[in-house]
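There are 2 protein chains.
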Amino acid sequence: MNRRTFLKTVPALAVMAGTTSTSAQDLQPITLVKPQKDGGKSVLAALQERKTTRDISEKQLPPQVLSNLLWAAFGVNREKASFGKPGRTAASASNSQEIDLYVALPEGVYLYEAVPHCLKPVVTGDFRRRSGRRSAAKAPVNIFYVVDRTRYDEGPGQPDRNIGNPEVQKSYYYVATGLIASNVYLFAASQGLAAHFHNCDKQNTAKEFKLRPEQSVLFSQTVGYPA
Amino acid sequence: MNRRTFLKTVPALAVMAGTTSTSAQDLQPITLVKPQKDGGKSVLAALQERKTTRDISEKQLPPQVLSNLLWAAFGVNREKASFGKPGRTAASASNSQEIDLYVALPEGVYLYEAVPHCLKPVVTGDFRRRSGRRSAAKAPVNIFYVVDRTRYDEGPGQPDRNIGNPEVQKSYYYVATGLIASNVYLFAASQGLAAHFHNCDKQNTAKEFKLRPEQSVLFSQTVGYPA
Numbered sequence: 001m002n003r004r005t006f007l008k009t010v011p012a013l014a015v016m017a018g019t020t021s022t023s024a025q026d027l028q029p030i031t032l033v034k035p036q037k038d039g040g041k042s043v044l045a046a047l048q049e050r051k052t053t054r055d056i057s058e059k060q061l062p063p064q065v066l067s068n069l070l071w072a073a074f075g076v077n078r079e080k081a082s083f084g085k086p087g088r089t090a091a092s093a094s095n096s097q098e099i100d101l102y103v104a105l106p107e108g109v110y111l112y113e114a115v116p117h118c119l120k121p122v123v124t125g126d127f128r129r130r131s132g133r134r135s136a137a138k139a140p141v142n143i144f145y146v147v148d149r150t151r152y153d154e155g156p157g158q159p160d161r162n163i164g165n166p167e168v169q170k171s172y173y174y175v176a177t178g179l180i181a182s183n184v185y186l187f188a189a190s191q192g193l194a195a196h197f198h199n200c201d202k203q204n205t206a207k208e209f210k211l212r213p214e215q216s217v218l219f220s221q222t223v224g225y226p227a
Numbered sequence: 001m002n003r004r005t006f007l008k009t010v011p012a013l014a015v016m017a018g019t020t021s022t023s024a025q026d027l028q029p030i031t032l033v034k035p036q037k038d039g040g041k042s043v044l045a046a047l048q049e050r051k052t053t054r055d056i057s058e059k060q061l062p063p064q065v066l067s068n069l070l071w072a073a074f075g076v077n078r079e080k081a082s083f084g085k086p087g088r089t090a091a092s093a094s095n096s097q098e099i100d101l102y103v104a105l106p107e108g109v110y111l112y113e114a115v116p117h118c119l120k121p122v123v124t125g126d127f128r129r130r131s132g133r134r135s136a137a138k139a140p141v142n143i144f145y146v147v148d149r150t151r152y153d154e155g156p157g158q159p160d161r162n163i164g165n166p167e168v169q170k171s172y173y174y175v176a177t178g179l180i181a182s183n184v185y186l187f188a189a190s191q192g193l194a195a196h197f198h199n200c201d202k203q204n205t206a207k208e209f210k211l212r213p214e215q216s217v218l219f220s221q222t223v224g225y226p227a
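Here the protein sequences come in this chain order: A and B.
Going by the numbering used here, the letters in the first sequence line up with residues 1 to 227, in that order.
Going by the numbering used here, the letters in the second sequence line up with residues 1 to 227, in that order.
Hints listed in this document are in silico derivations from the structure and should not be mistaken for laboratory results.
The structure displayed is predicted, hence computed values, not measured ones.
Please note that the accuracy of each hint is not assured.
Intra- or inter-copy, both count: the list cannot distinguish identical chains.
Only pairs whose alpha carbons sit at most 30 Å apart, straight line, appear in this in silico DSBU-like list of lysine-lysine [what the hints assert, rightly or not]:
#, residue 1, residue 2
1, 85, 51
2, 120, 80
3, 41, 80
4, 80, 59
5, 37, 202
6, 207, 41
7, 34, 51
8, 59, 41
9, 37, 210
10, 207, 37
11, 34, 170
12, 59, 202
13, 120, 85
14, 80, 170
15, 210, 51
16, 170, 59
17, 51, 80
18, 207, 34
19, 210, 85
20, 210, 41
21, 34, 85
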């Protein structure tokens, strides 16, 4: 399918939405259903199925699957862990929890808030294609990995004397991204879903998501059913 | 326990070995038993158990568990994937497979070779404490994450035009480390093992492992039974 054919087959709203964003006021918060904590393949069986799948169908994820996916990625699995914060399914340096998941659905972009396990509106419009892959433009979910470097400002409780060094921070937040992305890959493999971690349009996405200067878009991961 | 007490309680050989390395000729390759591809908790149940555990017992891992651990981390799960290479349990940029696992066991350090699924001797001696944590010094396994930047030299088949950029490479190899480390965390959680991903002594370790200039030690992960 060439680009012209592709554009013709996409509804006009979806084509426009990537360029004409409106405020998040039009979007309603999404309360995610309670995530399931068991079911699907074993870790070893999921590792055997783990792979990158680029061809992903347009079929939407049922609410329970979306909830499970986000909890698996970086949900709360312990009320208290270290440094006065809850524990998450993925580790982070000194439990800084520096990565935020910006979740692009067809109608808009939401921030995943792990403690209440809900999606908070960020911007209305279809930004799924900002994940940079044409194949991702119509997949049901694109997760954008965004670092917030202010999470490293910990004050006296911070045990890592190098955490103020930007090069050290870089090593931490990219590793943290990989730790979450692997949870997504294994959850997908355990449930027969398809996943694809990849580059994205970092500069434009940061503007469109109205990020602060201390935040940066790092990578993106597309999830859905295999096409 | 202070450092003096700690040193007194460790056998003399183990104390010496971190500083007096001998050649790898004394070590024999280890053929790993065939990894199991199922068993243990589901992915969702393992995510609920995922946490960092710093207190790890001295108890050694049985051969089957060591084999399963390394396969889970970054083993081959498909004979052919992309760019003429096999598929691995963790993704990497353009399937560059740029991360090597250097596995420190009590008697020496080995390189994990994924295709034959074996451990190749690197250096004799006990380098487990180079993972930088006293608690890790006697844990049965410390995995050192080492990047080999020559894996990005792909020639005409390389589809990523930015892969020669050192900053881009950095983002790739730290994410790749996180992807593998998460596999280790989830495998550990699925089997009741303890795992701890952390900094390590990068400079000395690189010398002791006789790495080439294109290689760097990034992080380390300790695995064993909970103490």
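Cross-check of the supplied hints:
1. 85 / 51: between (33 Å within a copy, 13 Å between copies)
2. 120 / 80: within (23 Å within a copy, 41 Å between copies)
3. 41 / 80: both (28 Å within a copy, 23 Å between copies)
4. 80 / 59: between (37 Å within a copy, 28 Å between copies)
5. 37 / 202: neither (33 Å within a copy, 37 Å between copies)
6. 207 / 41: neither (39 Å within a copy, 42 Å between copies)
7. 34 / 51: Both. Shortest intra-copy (27 Å) and inter-copy (21 Å) distances satisfy the 30 Å Cα cut-off.
8. 59 / 41: For residue 59 and residue 41, both the intra-copy (22 Å) and inter-copy (29 Å) Cα distances are at most 30 Å.
9. 37 / 210: neither (34 Å within a copy, 44 Å between copies)
10. 207 / 37: Classified as neither; 36 Å inside a copy, 44 Å across copies.
11. 34 / 170: So residue 34 and residue 170 fail the 30 Å test inside a copy (33 Å) and across (37 Å) alike.
12. 59 / 202: Answer is within; shortest intra-copy Cα gap is 26 Å, inter-copy 46 Å.
13. 120 / 85: within (20 Å within a copy, 41 Å between copies)
14. 80 / 170: Intra 26 Å, inter 32 Å, cutoff 30 Å: intra-copy only.
15. 210 / 51: So residue 210 and residue 51 fail the 30 Å test inside a copy (33 Å) and across (33 Å) alike.
16. 170 / 59: Neither: 36 Å inside a copy, 35 Å across copies.
17. 51 / 80: between (33 Å within a copy, 11 Å between copies)
18. 207 / 34: The answer is neither: 32 Å in one copy and 50 Å across copies each exceed 30 Å.
19. 210 / 85: For residue 210 and residue 85, the Cα distance is within 30 Å only inside one copy (26 Å; across copies 40 Å).
20. 210 / 41: neither (38 Å within a copy, 40 Å between copies)
21. 34 / 85: Within one copy only: 21 Å inside, 40 Å across.
Hints 5, 6, 9, 10, 11, 15, 16, 18 and 20, counting from the list given before, are not met by this structure.
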